[in-house]
Every structure is written in structure tokens, then in C-alpha cells.
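For chain A, the structure is supplied; the task is to place chain B on it using the hints.
Each chain, written out:
2 protein chains.
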Amino acid sequence: MLNFEFQNPTKLIFGKGSIAKIEKQFSRPTKIMLTFGGGSVKQNGVYQQVIDALKGHEIVEFWGIEPNPKVETLRRAIELGKAENVEFIIAVGGGSTLDGTKLIACAIRYDGDAWALVLDPKKVTGAVPFASVMTMPATGSEMNNGAVISNLATKEKFAFYSYHPQFSILDPEVTYSIPPYQVACGIADSFVHVMEQYLTDTNINPLIDRWAEGILQTLIEIAPQIQENPRDYNLMSQYMFCATMALNRFISMGVPQDWATHNIGHELTALHGVTHGESLAVVLPATMTVLSEQKRNKILQYGERVWGITEGTDGLKIAETIGRTEQFFSQLGLKTRLSQLNIGEETIAEIERRFNERGTLLGECKNVNGAVARAILECAL
Amino acid sequence: MLNFEFQNPTKLIFGKGSIAKIEKQFSRPTKIMLTFGGGSVKQNGVYQQVIDALKGHEIVEFWGIEPNPKVETLRRAIELGKAENVEFIIAVGGGSTLDGTKLIACAIRYDGDAWALVLDPKKVTGAVPFASVMTMPATGSEMNNGAVISNLATKEKFAFYSYHPQFSILDPEVTYSIPPYQVACGIADSFVHVMEQYLTDTNINPLIDRWAEGILQTLIEIAPQIQENPRDYNLMSQYMFCATMALNRFISMGVPQDWATHNIGHELTALHGVTHGESLAVVLPATMTVLSEQKRNKILQYGERVWGITEGTDGLKIAETIGRTEQFFSQLGLKTRLSQLNIGEETIAEIERRFNERGTLLGECKNVNGAVARAILECAL
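Protein chains in written order, with the working numbering: chain A, 872 to 1252; chain B, 872 to 1252.
Okay, chain A solo, but in the shape it has when bound (with noise of 0.2 Å):
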């Protein structure tokens, strides 16, 4: 086992009924800001159950936070912050929206400009308590101090971490409204978290190995009855839960990461649009089938313990592991090709051309290099 330290103090508050327990979270009034994304809160009675449970405290509201949120956007929230000097913030919303929050919280005690907090972390010297109100289970940014914050001037999208909330609200009856191609990709994203987590060396924490594989077993036993029942309480409720426990960094515990294809996917992102769920499901198989070498024994460990292939030899056991687990992202009715998103050439050689010019090396190894990283998206055409 590797040697870790681990620590994550954000309280879960976990299941029907749960928005109403804000309230009990505050010993005093207190000035809130409320973050939201668009409106769809306001249609599913989400927002009017938070503002129900903050009676009694002064509320600033800031809407807008995009998917995959730009800085552009959360420079205003942040302006508004420090001149309303609010005393806490919760994110109503999906991952982006606390995502979003969490830099807000940090830049709302700092001098200069956002951006640079985002490129320098180490800037961050302290943050407006924050919370969450969950609506759309994927990021696990409701159990963790991560966040990925897009640059629409300079087209990147770069990690930052600084603080936990301190609370979460996770109701899943909130997710009956989500539409199902937002459900795919949340699923898509919280399965991915678990590779980049689990697909690396064997042997290291066979414990979290297999909690790993238990969060990976379930993800594939709900999704296809969550497209005949989305709003199955039962269903909802482990969707969620599984999302949560997926980057909370429980699993990351004394074993090392990956994370080469949440970069990659990010490059998409940031380049095209490319939903992040979405982007996932087009690297995954495509790095498990360029890194097979590398990632043999656990490619056949996950093969096995989690879809049932043992028959065969190792390279059939692996190109069968890959095939179903590309086949279960478009059985959610996700692309998993470039070329079904109409990207090429022109989009690799940039994405290479941005890898070398970085000079950062990813993955488990550090060998995921510019040429590397096309070899994937090529492998993904």
C-alpha cells in the first residue's frame, strides 16, 4: 500500500427530505449568497424548498454558472460577493455550479484577479464557508475540495483545489427532473472517476480495489433500469450515492491515479464543447486499448471481477474488457467516437501541439506525452 494521508470533513446529509434540514445548519442569521445555474431549479421546486429552509437569514441571489464555468462569469458573482460581504455561500445546482462556487468562495478574500488564483492555488489564502445543495450527481464536487474552472479568453480549462464544503444536501428525488442525457453523462463521469482511480498497478489496496469494482458493479446494474425508471427512489438514490462515493477520495486511498483521460476529455471540452460525461466515454476505451501493455493486469482484473470474462486468452479477455465497457457508454446512449462529434485531425494536432507546448507528462507512469495523447485520440476516430 502507498503510503496517504486523507481527510474530508464536508457533512453529508443524505436523502428524501433532506433540503429542509438546512435550516439546522445555521446557529445564527446569517447573510447568504445562493449560486445557482439556470432556471431549472426554479421549475422543479428546488429553489423554493431552499428558500423556505433559509427563512430567517438574508439572502443574496447570483444566477447563471454555465456548464463547465467560466471565469468570465464567476468574476461578477465574486464582484458581487465582496460588496454584498456575504458570510456564506450554497451552490444550488449541479457540479459546475459548485465547482464555479468554490472559486467565488476563495477570490471573494482575495485582492487580484480570479484567474490567477485558478493558475497559482498557493494564492489562495482563505474562503467564505460554503455548502451545497446537489441536483445533478456526476463531479463528486459535493465530497471533495476540487473544481475545473474554463478560461473562455485563452480556450482552457485547468483543475484547482482548495476547500471542502462544509455541507452537502443530497436529495434524490431532485434528480427525477434531470434529462437523460445529463443522467448518461453523469453516470459516464462518475464510472470514469473510478478507472482513473482503479486502472492503474494490482495489488496495491486490494480493499479499495474492491470497493472500486462495487462502485463500478453498480453503476452497471442501474443504469439500464434507470432508463426504464428515472424516477425510481431506489435507483435515484444509489445513482447519487455511487457519484458521491466516486471522488470523495475514499477510493484513492493508498493507491496510485491516472486521470490521462480526464485531460484529454478536458482538451475537448475546452476545444468543442463536448459535454464532459460525453468526452469521457470517447477517451476511456480508446486509453485502456493504447495503455493495454501498461495496464494488462488490471485491464483482466476489471474484466473479470466486474464483467464476468474469464474465458479466452489475455488479449481476447482484454479486447472483450474494452468492447464492453465502450459498449455500456453507448448503451446510455452516448457517443463514443470522435468522429460522431465531427472531430478530426485538426482537433488532434492541437490537442498534441498543447500537450508538448505544457511539457506536463500524465497518467499513472508520467508517459502520456503530446504523441501519446494522439495515439489515444486517434485510436478514438
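Keep in mind that the hints are not guaranteed to be accurate.
Remember, identical chains collapse to one label, so a pair may be satisfied in a single copy or spanning two.
Distance condition first, Cα-Cα at most 30 Å in a straight line; then the derived BS3-like pairs of lysine-lysine [to be verified]:
1) K892 / K993
2) K953 / K913
3) K913 / K902
4) K953 / K895
5) K1237 / K882
6) K994 / K882
7) K1169 / K1188
8) K1237 / K887
9) K1206 / K892
10) K993 / K1237
11) K882 / K895
Worth flagging that the hints you see were computed from the coordinates, not collected in a lab.
Positioned in the frame of chain A, the structure of chain B alone reads:
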């Protein structure tokens, strides 16, 4: 899934050489009380490592917290902590040392007698912050807010819930010197912690079922290997990690719990000083047998997924599953029958009387009264 709230703020610092990292946890010179059990930490070098890591801090030492810590002993530590006005406490030892330290930390901030806090935890209003250097993986105390405290005068043993350790240092190398019997008890204790949270109804939180099964499978896999190689870093790190994960509330999220086995086992310890892990090895198979109708589906799931038992009638599968569980404990070298401990009818009658007197109904279905406890103990003869 059941509604739940979850929060676990403890920082884990896990791995080889982690004791030296204590120094990074303090930002200024601090008056620290170190609490210890017997002298084994002087023999295995842990004491010296801790002292070396705390250079520059003022240290007060309290020695002599015994297994199944007694309030009579803890009162002396509380007096010392009050007199010395300590600012922080680090428990250096096993679960008993840390359990005792949790009460010490609370009682230093309380004017009355410490046992009053055990009887009524609502009287707890604060605590000296505390941490642990864990030397004996078993109780999970290093990452939860629970403790079990005994009263010599009244021959009672009760659970006490208060605060989490701020951090816990887990260096698997410190386990090399634990006597094999203690390792066996620690593995049994961890195993039964999982069972108390797992052996209820099926399909409530399928992911958590898989996580619980993952811990059980890992313990079953490593137990015989540890008997052969008690100084294998990889094996001992898995054991240490499993013990913590078995009782840090991760696997209690969204599921019911039982704890009848522990409550009956505690009486055996209170009345006869039976080692905690061994008391559970005696009681668990009998609890499974007596409640096999109620727990039917989960025993079948456990038998199939953990022990690979798929052949025969349900009745045969259940019998084989319980048999394999008892065999696991006896292969650890533990006694699994009251008769082996020279405990008989007199004790059974006393435990039945205590259960009836207290009127508490135990287990997931709150149906374990004095008569059911008698049936379980008779089955364990």
C-alpha cells in the same frame, strides 16, 4: 436507501515512517499529554519515535490505561490533565488507550465525575482536542467518535460517543510486535464490526453491501497469510487499513445496523474479562443461528458472495455459511464456545437478568431481549 447524515473529520496519516509526521500537525509549541497503556511502546520503539517527533513541545505522560479501560483509572488521568492544564492529548496505544482518552478529553472540560458523562453524554460540552498513534488495529477508534468504558465498581461496560480524533497516525510497522493472539482478536473484532453493519436486510444500499463484503473478503484473504508472515508490510498494512475502514461509519451510510452481538459480548467481558475480539467470535455464530430466519436473505447473500457457497437448499447454505464463519474464528486461534471459556448457566442467567432489568431491546429489529440473549448464549455453549 435509508436517510442518513455522515461526517468524519479525522485526518488519517498512513504508512511507513508516519509517526515522524506528527510534528507537522502543530503550528506552535503545545502542552501535550501523552496517554499510554502498558509499557510495550517502550520496547517496540514507538515511544521514542513519538518523543522525537514532539521535540519543542511540553510533554506530560500518563501510563497505565488497561484493556477495557476503567473509569477508575481514567479519573487519575483526568486529574492530571486538569492540574497540568494540557492543551492537546495524544493516545499512543491500541483502541483501549484511545477509548479511554476520549473520555479523558471530555472529562477534563467537565466539573463533575467522568462516569456521569458515560451515563449521559448530553452532559459533554467540549473536549481537549486529541489524536492518536495507533499501535493495535482492531477497534476503529482511531477514526470514529466512539469509546467503550468499563466501571469496575459496578461491573458495567457502556459505549460512549463524543468527538473524533483530530488526526490518527497509522504506521503498519508498529504492528510487527503485536502477539499473535492479539492480532487474531483484532481481526475478529474488525470482522464483526463489519457484520454488525452488514447483516441486516438486503438491497437497502447495494454499494455499501459490496464495500462491507470487500472488507470481509480482504480479512479472510489476509488472516492465514498473517499467521505465516506477521512482519509482512503489505499484509499488515491491509490489516491496519481494514480495521479502520470497518468502523469509521463509511459502511454504515444509508443502512440499518444490528450490534446485538457486541452488546452480548460486552457482558462476557464485563463479567469474566473475556478479550473483546474473542467474545465476539463466541457470540456472532450463535446470533446468526438464532436469528437465521430474520436474517435469512442477508446470510444467503453473505454466504454466496464472501464464502462462495451456492450449492444446496437455503437451509443447508445457511448452516454452511455460519459454520464457515465459526471456522474462520477458530482457525484464527480463538475460542468460539462458552464452554471453552468455562462459562455456563450462571453467567447466562445474569446476562438475561441484566437485559431484562435494563429493558433495552437490541438488534436491527429491536427484538433481542433477555430471552433472545439467553437463546443466543445457550447456542454458544
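Against the structure, the hints:
1. K892 / K993: between (34 Å within a copy, 21 Å between copies)
2. K953 / K913: within (26 Å within a copy, 55 Å between copies)
3. K913 / K902: Close inside one copy (21 Å), not across copies (53 Å); limit 30 Å.
4. K953 / K895: Within one copy only: 26 Å inside, 33 Å across.
5. K1237 / K882: between (34 Å within a copy, 28 Å between copies)
6. K994 / K882: Classified as both: same-chain Cα gap 26 Å, cross-chain 24 Å, threshold 30 Å.
7. K1169 / K1188: within (12 Å within a copy, 32 Å between copies)
8. K1237 / K887: Classified as between: cross-chain Cα gap 24 Å, same-chain 43 Å, threshold 30 Å.
9. K1206 / K892: Neither: 39 Å inside a chain and 47 Å across chains, both beyond 30 Å.
10. K993 / K1237: within (23 Å within a copy, 52 Å between copies)
11. K882 / K895: both (13 Å within a copy, 25 Å between copies)
Of the numbered hints listed earlier, the single one contradicted by the structure is hint 9.
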